[in-house]
Amino acid sequence: MQGQAQQQAYDRGITIFSPDGRLYQVEYAREAVKRGTASVGVRTAEGVVLAADKRSRSPLMEPTSVEKIHKADDHAGIASAGHVADARQLIDFARRQAQVNRLRYGEAVGIETLTKNVTDHIQQYTQVGGARPFGVALLIGGVENGEPRLYETDPSGTPYEWKAVSIGADRSDLQEHLEENYEDDLTLDEGVGLALRTIASANDDELAADGVDVATITTESEAFVELTNDEISTYIADNDLEPSEEDDEDGDDE
Amino acid sequence: MQGQAQQQAYDRGITIFSPDGRLYQVEYAREAVKRGTASVGVRTAEGVVLAADKRSRSPLMEPTSVEKIHKADDHAGIASAGHVADARQLIDFARRQAQVNRLRYGEAVGIETLTKNVTDHIQQYTQVGGARPFGVALLIGGVENGEPRLYETDPSGTPYEWKAVSIGADRSDLQEHLEENYEDDLTLDEGVGLALRTIASANDDELAADGVDVATITTESEAFVELTNDEISTYIADNDLEPSEEDDEDGDDE
Amino acid sequence: MQGQAQQQAYDRGITIFSPDGRLYQVEYAREAVKRGTASVGVRTAEGVVLAADKRSRSPLMEPTSVEKIHKADDHAGIASAGHVADARQLIDFARRQAQVNRLRYGEAVGIETLTKNVTDHIQQYTQVGGARPFGVALLIGGVENGEPRLYETDPSGTPYEWKAVSIGADRSDLQEHLEENYEDDLTLDEGVGLALRTIASANDDELAADGVDVATITTESEAFVELTNDEISTYIADNDLEPSEEDDEDGDDE
Amino acid sequence: MQGQAQQQAYDRGITIFSPDGRLYQVEYAREAVKRGTASVGVRTAEGVVLAADKRSRSPLMEPTSVEKIHKADDHAGIASAGHVADARQLIDFARRQAQVNRLRYGEAVGIETLTKNVTDHIQQYTQVGGARPFGVALLIGGVENGEPRLYETDPSGTPYEWKAVSIGADRSDLQEHLEENYEDDLTLDEGVGLALRTIASANDDELAADGVDVATITTESEAFVELTNDEISTYIADNDLEPSEEDDEDGDDE
Amino acid sequence: MQGQAQQQAYDRGITIFSPDGRLYQVEYAREAVKRGTASVGVRTAEGVVLAADKRSRSPLMEPTSVEKIHKADDHAGIASAGHVADARQLIDFARRQAQVNRLRYGEAVGIETLTKNVTDHIQQYTQVGGARPFGVALLIGGVENGEPRLYETDPSGTPYEWKAVSIGADRSDLQEHLEENYEDDLTLDEGVGLALRTIASANDDELAADGVDVATITTESEAFVELTNDEISTYIADNDLEPSEEDDEDGDDE
Amino acid sequence: MQGQAQQQAYDRGITIFSPDGRLYQVEYAREAVKRGTASVGVRTAEGVVLAADKRSRSPLMEPTSVEKIHKADDHAGIASAGHVADARQLIDFARRQAQVNRLRYGEAVGIETLTKNVTDHIQQYTQVGGARPFGVALLIGGVENGEPRLYETDPSGTPYEWKAVSIGADRSDLQEHLEENYEDDLTLDEGVGLALRTIASANDDELAADGVDVATITTESEAFVELTNDEISTYIADNDLEPSEEDDEDGDDE
Amino acid sequence: MQGQAQQQAYDRGITIFSPDGRLYQVEYAREAVKRGTASVGVRTAEGVVLAADKRSRSPLMEPTSVEKIHKADDHAGIASAGHVADARQLIDFARRQAQVNRLRYGEAVGIETLTKNVTDHIQQYTQVGGARPFGVALLIGGVENGEPRLYETDPSGTPYEWKAVSIGADRSDLQEHLEENYEDDLTLDEGVGLALRTIASANDDELAADGVDVATITTESEAFVELTNDEISTYIADNDLEPSEEDDEDGDDE
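Chains as they are written, first to last, in the working numbering: chain A, 1 to 254; chain B, 255 to 508; chain C, 509 to 762; chain D, 763 to 1016; chain E, 1017 to 1270; chain F, 1271 to 1524; chain G, 1525 to 1778.
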């Protein structure tokens, strides 16, 4: 009770530290991320895989309208987890940064540079008053100088680079699945499979083709490509993830 | 009691997260939507149907003054549920965006683009301080590239695309009615019937012609058309929704 | 007690939603309207009637200084109820809008357009921080395209169109009186009589000529005309509303 | 106790409504007016009389430095009650408005126009945040189109026109005195007498010549004229208001 | 206890009224004035005398650095009591106003005009948010049109004109001393004596020459002149105010 | 309990002093520094050594993405401890200052000048409202006029110059280790060894090559150089710090 | 307990008065000054001496980095006590003022003028909202018109001129030491000795040469000169202040 009352005293203000040096609003924004369905990124030698759980709330909702994976530039994609409307703001910000880079320097923005542009933007919302932090985490994947790169941004505005990473619901379980199954010499196909099996691992090892989005950026094409439902179905079948029956889940992704 | 006190600590601030990652002001704005009478959208192969429950509070109030459906552009309409004065702001915003698009690009704005312009505007009011969120949900329907499109915006600023959807009072019941009765190959006439029956389903399966607004945007005409009272009466009769006696209901759409 | 404490938590902030989706400051502004003496509007086939109860606090106060009905433009008038100083702001705003319309388009502003200009202005004060809502309701009446129109604005910024309507003290009783006595084919004379009898109905069916303001805008003249005390006295006599003795009421219109 | 606690919840904010539609800060500003010594205005057929109780705190204070009556323009004067420093702001504002009117239109500002300029200014301080209301009431008197006019402004920003009126301490007693003794056909001399007797009525029917300020604006001269101490002494003698002994009162006009 | 709790509810906000119409922050600023050592002003037929108690805290502090009397313009001086740093702001403001007057109109600013410029400036800090009131009172003395004038400004921004006045610590005792000893036909010498005896009256009728500042503005010279220590010593001796032994008082003028 | 309640009263505001003259938000920001893994700086006669503990949370995270040491300019580096996103802001600020210095003066910025630019920037965030302090400490090392210099910045904005210093977790233990082992005539090699042994001293005297970053700026090269993993491994072996087994620590560096 | 609760009610706001006319934030800023190690200023006939206790926290910290005495201009120096980062802001402000004076008037700024520029700047932070006061006191010493001058600034923004003064820790003891030992005809050498003995008096009459900074500005040179460690050692020896053994004190100067 004592501890709880003390916590309440510090977590109401947007931009202040608690006595133990924590920023509660940022930590609560991380909770908003956990409330979103999961997204997974896998970096393979042949390119980066982004996959997102997008199980719909209603059979009448267009699956394509649950946007979890976005093209940021020709050679870069972004998957999100958390507050959907916040994600749209950051993705628009990233796209503008990518365009500005092409206009100013005549070349594609580096994936690391793009990520840090975004995290600097996020950080401002955690330090300056008058706004709340962004309640969303992003996976930014792409090809830079011929190399596949995969970054995460969190609500504090910290950039992390990963071989394979999960954000959103069940993060610790999914990350554990990735750690147990990731290998450095994965092919792109194996990467897609690992991403799908990771998402399915929190869902009785089942996936519907229209319940997941998958995109890849290969070192060969250096292009953001979204997989079709048919392609995803093939991967689901190849990985034994077909659903036994239709889920009628009431997932709430914000 | 404990939980309640804890909740109070976080829901008074406009733009801050609760410890479990929720934005209470946005959730309360959703309650404002539920306090408004229902609007329903149905996408058919022949076009989009927007219908709105506008039962008046008093026999002396002009039914036309309860505005629930608005023309956004030649090829696009908007139905609303919730705080009426807020809806007017967003609809004006949408109209200006549509006009700007025609001026700048010489063509009609896409329905998806229009929707996302509106949801980005809504999101700002949930993150930046100094204002409250919009207490209204919108259905934005129209024709884009010859295809009917139907979108919902919610108070968080998230866009959703639907085949058929209900907003406002009794949403879960009405949505269930839509899910049970929607079919992909509806004609426009069947779509209007489904929309009216859905609204009536929460009202003892009865509707008065001046208690509902209906508008359509067909793929053929690509034009926003409001049905006359006579046309609506015919649909009401065809769908067996005539009221047995005059309601004297004290509906409160705000 | 529990409910009361919970309410207090949400009604102190200007622009935030309560857990059930209400804006308490707007609802309290509606209470400010109820604290003002009544105004009544009646739309007849021959024109619009605006009437206002302006019983004075003191025999030394000039009755003309209790302003309840104002000319907005040649063809439009406004009656108010509630916080007097707030009403003056909105009426000035309406007048400027009407002037701007004449300057910009060379024609009289439509009554509906004028009303919506005012309600959009009102809405801003309910959403953006730094100010309180307007504590006043208005009746805006006039002639548009040869048709009489009568609108109400409320503190939320919602416009309503009416055949006959009452704002201010005793609204529900007066509105009931209007509903029971209104007929669609009233002459202007009958409309004035109905308006006066409605106001008197909450005052022992008595009225003093200098205790009420009446104005009309007829379809024939399209001009805002205030009735003289003599004209009002005639109507009072014709409708059997003469006071039996002088009231010494301590009315508080604010 | 319950009621008291509830009131406290709403009267701390500057610009918000209480649940019963009241603006407590404005009502408290009215209390500040009551803390000031009284001013009285009387409109006669021959002109307007302004009189103000200015009993000094100390025999060493210059009586002329307790300013209660001010010239606003050649044809207009202002008496105040309440917070002295606030009164100075409003009087400066009124003077500037009068000058602007002369410069812009080449004629003296109307007394009603001048009053409403001032009340609109006052209203802003009751609606927009960042400042408190003005804690002062004014009597604005003058001649407009050959007619004497007498207005009151209150802290809410409402203008009232009066035949005779009192503001400040003991208002209800003084107003009752005015109502009992006012007649429509008073001469200016009788008006001055009534004003002085009204002020004296709350002070054992005694007045010192340097304890009161009197100014007149007659329809003949259309000029603001302050009475000399000798002239005031004559009126005091003529109205039997000479003090029996020197008061050593500790009046606090603020 | 009840009253105390109620008071606390209203005195924390900078610019709001209490239920009885008081501005607590202004009243507390008056307490800050009382915490300062006294200043005294005396108006004689031959000119104005300003005197200030400036007993130092430490024998190592330069007596000249405790500034209580300042030249505002050639013909005007200012004595202060209260918060020293606030006094410096107002005195700088007054000096700039005096310079502006000379530049704009080519003549010395009137003492009344100068005082009202300062009080209008003070008033702003009591009404507009974002700053606290000035915690200082000033005596502004000088010669205007050949006449000696002596004004006081208080933290509310009210100007008062005096024949003789005291501000700061022990005001009521010192003012009583002035009232008992002031005469209208004092010579300047007698005025200096009265001022010094008044200050000494709260200090066992003793004064040290370096514990008091004295300045005069005579109608003959129309010039602000500070008395030397020797001149002050003569006055002290002439008025029998020599200290019997050195005071080691710990006066706190702030 | 008493003391705790009192503390709470003062540590919620961003920029206010507590009764004992402390700025709690700054002290809490220092706690945020302690929550970060340690960084160590050692100044030797041959140059400055910066070393940082960067143990990763997950085997899938790229060690290079945990950024603790940054190049600020050719001749200057910065190591950080605490809130990572805040560190990025300050490092960007430092880089821009260094560039501006080269552009404006045509020469490299001095290390002391660079440090004070940064600390002045930090101080602003502790005094002016609207933002929280930076939750990070920096070590700024480089060569200035041929001399190695090593500075620390803390969240209050105070610059300190050190021979050897530790920031972040276990500061007091690590600083004690430095004090016991530092000698003025260390070679650069010995300096690197001391830095690594200091970091390892809080970790059972073990280090992994990819769990630590090391950079040097020598007086000879005047260039910021990051050591390769192989070079670090050699130092680890030479200092007997090889880990006996793989750590699976759950370090949380913000 | 009662008094304590009452105090808490007034000391949380930045710029408001308590009921007894105190500014708690300014008083708490004075506590921040007391938390700093002491600085001492002594004015002699031959010039001004500034001395500062700068005992370091750690043997590895560069003594020169604990900055307590700064050159403000050729002829002026500043010693500080309290919040180090705040001191840097004020010293930079003073330096800019001195430069501006040279540019604008072509001559060195007067010490009194410089001091008052600084105190006016400090005062703003105690009256206007949005920032906290400066938690630092300064001693500003120099030569003006051939005369040595020594001023103190405190957190309220009040300037004081002194013959000899101490700020920071143990002020009352050190000031008493100065008062007992100061003589008006000190030589500069004796002044340095008095300053050092005063600092040492709170430290068992011992001082280390690198634990104290000393600077002088003589009337002959009119130049700010910092004493070398050797020079200080000589003074320490001459005044019998050599430390008997090395102190390992944990002084905390902010």
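It should be emphasised that the hints constitute simulated quantities derived from the structure, not laboratory data. Check each hint, because a few of them may be wrong.
In silico lysine-lysine, BS3-like type, Cα no more than 30 Å apart, as pairs [stated by the list, open to error]:
(1) K878/D <-> K796/D
(2) K1341/F <-> K116/A
(3) K624/C <-> K579/C
(4) K1341/F <-> K34/A
(5) K833/D <-> K796/D
(6) K1558/G <-> K1050/E
(7) K370/B <-> K325/B
(8) K370/B <-> K34/A
(9) K288/B <-> K370/B
(10) K624/C <-> K370/B
(11) K1087/E <-> K878/D
(12) K71/A <-> K288/B
(13) K542/C <-> K833/D
(14) K34/A <-> K288/B
(15) K1304/F <-> K116/A
(16) K116/A <-> K71/A
(17) K1341/F <-> K1386/F
(18) K542/C <-> K624/C
(19) K624/C <-> K796/D
(20) K1386/F <-> K1304/F
(21) K1050/E <-> K796/D
(22) K542/C <-> K878/D
(23) K116/A <-> K34/A
(24) K833/D <-> K1050/E
(25) K579/C <-> K878/D
(26) K579/C <-> K542/C
(27) K1558/G <-> K1640/G
(28) K1087/E <-> K1050/E
(29) K1640/G <-> K1595/G
(30) K288/B <-> K542/C
(31) K1595/G <-> K1050/E
(32) K624/C <-> K288/B
(33) K1595/G <-> K1304/F
Predicted model only: the values in this text are computed from it and were never measured.
Check the structure against each numbered hint from earlier and tell me which ones fail, lowest number first.
4, 11, 12, 13, 19, 24, 31, 33
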